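Enquirer: These protein sequence lines are chains L and X, in that order.
One point on numbering: in the UniProt record's numbering, the residue at position 130 of the first sequence is 130, and numbering is uninterrupted.
One point on numbering: in the UniProt record's numbering, the residue at position 14 of the second sequence is 14, and numbering is uninterrupted.
Treat each hint with caution, since some may be false.
[As the list claims (entries may be wrong)] Taking beta-carbon pairs under 7 Å as the criterion, some of the chain L residues facing chain X (in silico):
(1) Val10
(2) Gly12
(3) Val35
(4) Ala40
(5) Leu43
(6) Thr44
(7) Thr45
(8) Leu62
[Claimed, not checked] Covered stretches of chain L, going by a simulated chain X footprint (3 or more residues, C-beta under 8 Å):
(9) 46-60
(10) 92-101
Derived by calculation from the structure, the hints in this document are not laboratory data.
Source: prediction; values computed, not measured.
In this text, a Cβ means the ideal position worked out from N, Cα and C, and glycines have one as well.
Okay, here's what each chain looks like letter by letter:
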Amino acid sequence: MSAPMEKVCVPGQRICRHDEKVVSGNGTYTRSGFVYASLAGYLTTKSDKDQVIIEVKTDTELNIVPTVDAVVTTRVTNVNPRFCKCSILSVGGITLKEPFRGLIRKEDVRATEKDKVEMYKCFRPGDIVVARVVSFSSEYRRHNSSFLRKSNFLTI
Amino acid sequence: MAGLELLSDQGFRIDGRRPHELRKIQCRLGVFNQADGSAYIEQGNTKVLAAVYGPHEIRGSRSKVLHDKVLVNCQYSMATFSTGERKRRPRGDRKSQEMTMHLQQTFDAAIQTSLYPRSQIDIFVEVLQSDGGNYCASVNASTLALIDAGIALRDYVCACSSSFVNDTPLTDINYLEESSGSPEIIAATLPKSEQIVFLEMNGRLHEDNLSRVTDMAVKGCKDIHDILDQVVRDHVSEVSTVHGWEN
Numbered sequence: 001m002s003a004p005m006e007k008v009c010v011p012g013q014r015i016c017r018h019d020e021k022v023v024s025g026n027g028t029y030t031r032s033g034f035v036y037a038s039l040a041g042y043l044t045t046k047s048d049k050d051q052v053i054i055e056v057k058t059d060t061e062l063n064i065v066p067t068v069d070a071v072v073t074t075r076v077t078n079v080n081p082r083f084c085k086c087s088i089l090s091v092g093g094i095t096l097k098e099p100f101r102g103l104i105r106k107e108d109v110r111a112t113e114k115d116k117v118e119m120y121k122c123f124r125p126g127d128i129v130v131a132r133v134v135s136f137s138s139e140y141r142r143h144n145s146s147f148l149r150k151s152n153f154l155t156i
Numbered sequence: 001m002a003g004l005e006l007l008s009d010q011g012f013r014i015d016g017r018r019p020h021e022l023r024k025i026q027c028r029l030g031v032f033n034q035a036d037g038s039a040y041i042e043q044g045n046t047k048v049l050a051a052v053y054g055p056h057e058i059r060g061s062r063s064k065v066l067h068d069k070v071l072v073n074c075q076y077s078m079a080t081f082s083t084g085e086r087k088r089r090p091r092g093d094r095k096s097q098e099m100t101m102h103l104q105q106t107f108d109a110a111i112q113t114s115l116y117p118r119s120q121i122d123i124f125v126e127v128l129q130s131d132g133g134n135y136c137a138s139v140n141a142s143t144l145a146l147i148d149a150g151i152a153l154r155d156y157v158c159a160c161s162s163s164f165v166n167d168t169p170l171t172d173i174n175y176l177e178e179s180s181g182s183p184e185i186i187a188a189t190l191p192k193s194e195q196i197v198f199l200e201m202n203g204r205l206h207e208d209n210l211s212r213v214t215d216m217a218v219k220g221c222k223d224i225h226d227i228l229d230q231v232v233r234d235h236v237s238e239v240s241t242v243h244g245w246e247n
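Work the whole structure out from these sequences, hints included.
Expert: Printed below as a string of structure tokens:
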């Protein structure tokens, strides 16, 4: 599928014209009809159906931040009746260098019988939870936490 | 001007450069292991270290969180031994605070801030030796460090200063030229798109000459960009050969 090309790209470098057949992927951005690189690395192209995805790959692991809808792996640090706090260890299979804080609310633990959830029976500190980021709180008391919905749950 | 001629009759400056010549630039990427990205730059006798951490979760006060973009946090400090006279406070004095603000504004414009919402990027800049053009060297070093950290930038940010002596614009001025009382223009640009992200002027300069001096600074930025570009390309191919990443 992917054919790596031996081409070094640097930020601000114009890669190609942007049209409906070209999709700008990781490490690129579009401005006024052109695709530009935003990272220093190697140019790679992938073809997806009739479109071409252009990406700039770097040789080091980048720091990433959790986004809404991302699947994250977390460790539970603190449980109380309304929510449990956890630290996000990895996002979509990429391990974070340092954890982000997250929050699993009681209402988000499962889809049915939400009011019957008992947090103490669901989580213990130290549990590893795979979850999906539901939203970033803006008006909730803990401003820096992401709400998580449990999708799968393992106990170690 | 008794004894000290900033521009000789033959058209040479105090350090032997022509008016349009930059000082010698040497730089290196990835000088620290601890930081996510780091760089060291020498522009003549001005030497600057920059380290970048992040993007990571916001530290300290929760109220600083920006929901749609990243918080760029800078800290500019000058080593106590960096100037001719030993400095009392390496950071936190008025001049450093101003410089910190300027760096922050500059990089807010250059980083693709909306890619990293609700997080923070730290840029630490340390001037080891100061011989004029501290802002410029700091910006150039930070750009390299950000590239090393793999943070998405719209373009390089390159900064250069210029002055105006004997009806001639001078580029990349050193400490002597800076402190002689002649006007000084500092510009930071995105060289590929030719956008100016920061422009500062000290001293008095006639309006008629403004565009000439500004053009000189912008031209200097482009020259610096060519140098930095080569260094980054070399660094990328070098690192990938070490990792056996090529082919």
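Enquirer: Given L:Gly12 as an interface hint, is its Cβ closer than 7 Å to any Cβ of chain X?
Expert: Because about 3 Å separates L:Gly12 from the closest Cβ in chain X, which is inside the 7 Å limit, the hint holds.
Enquirer: Does L:Leu62 hold up as a contact with chain X if the rule is Cβ-Cβ below 7 Å?
Expert: holds (4 Å)
Enquirer: Restraint: L:Thr45 near chain X, CB-CB cut 7 Å. Satisfied or not?
Expert: Violated. Min distance 16 Å.
Enquirer: Hint check: is the beta carbon of L:Ala40 less than 7 Å from a beta carbon of chain X?
Expert: This hint holds: L:Ala40 lies near chain X, its Cβ roughly 5 Å from the closest one there, short of 7 Å.
Enquirer: Hint check: is the beta carbon of L:Val35 less than 7 Å from a beta carbon of chain X?
Expert: Since the shortest Cβ distance to chain X is 13 Å, the answer is violated.
Enquirer: Has the region 92-101 of chain L got at least three residues whose CB is nearer than 8 Å to a CB belonging to chain X?
Expert: holds (count 5)
Enquirer: Tell me if the interface restraint on L:Thr44 is satisfied: Cβ within less than 7 Å of some Cβ in chain X.
Expert: It is violated, given that the least Cβ distance between L:Thr44 and chain X is near 12 Å, above 7 Å.
Enquirer: Can we keep the L:Val10 interface hint, with Cβ of chain X closer than 7 Å?
Expert: holds (5 Å)
Enquirer: So, L:Leu43 near chain X? Judge it on the closest CB pair being under 7 Å.
Expert: violated (11 Å)
Enquirer: Taking a Cβ-to-Cβ distance below 8 Å as contact, does the region 46-60 of chain L have at least three residues touching chain X?
Expert: This one holds; 3 residues, not fewer than the three required, reach chain X with a Cβ under 8 Å.
When held up to the earlier numbered hints, the structure conflicts with 3, 5, 6 and 7 and fits the remainder.
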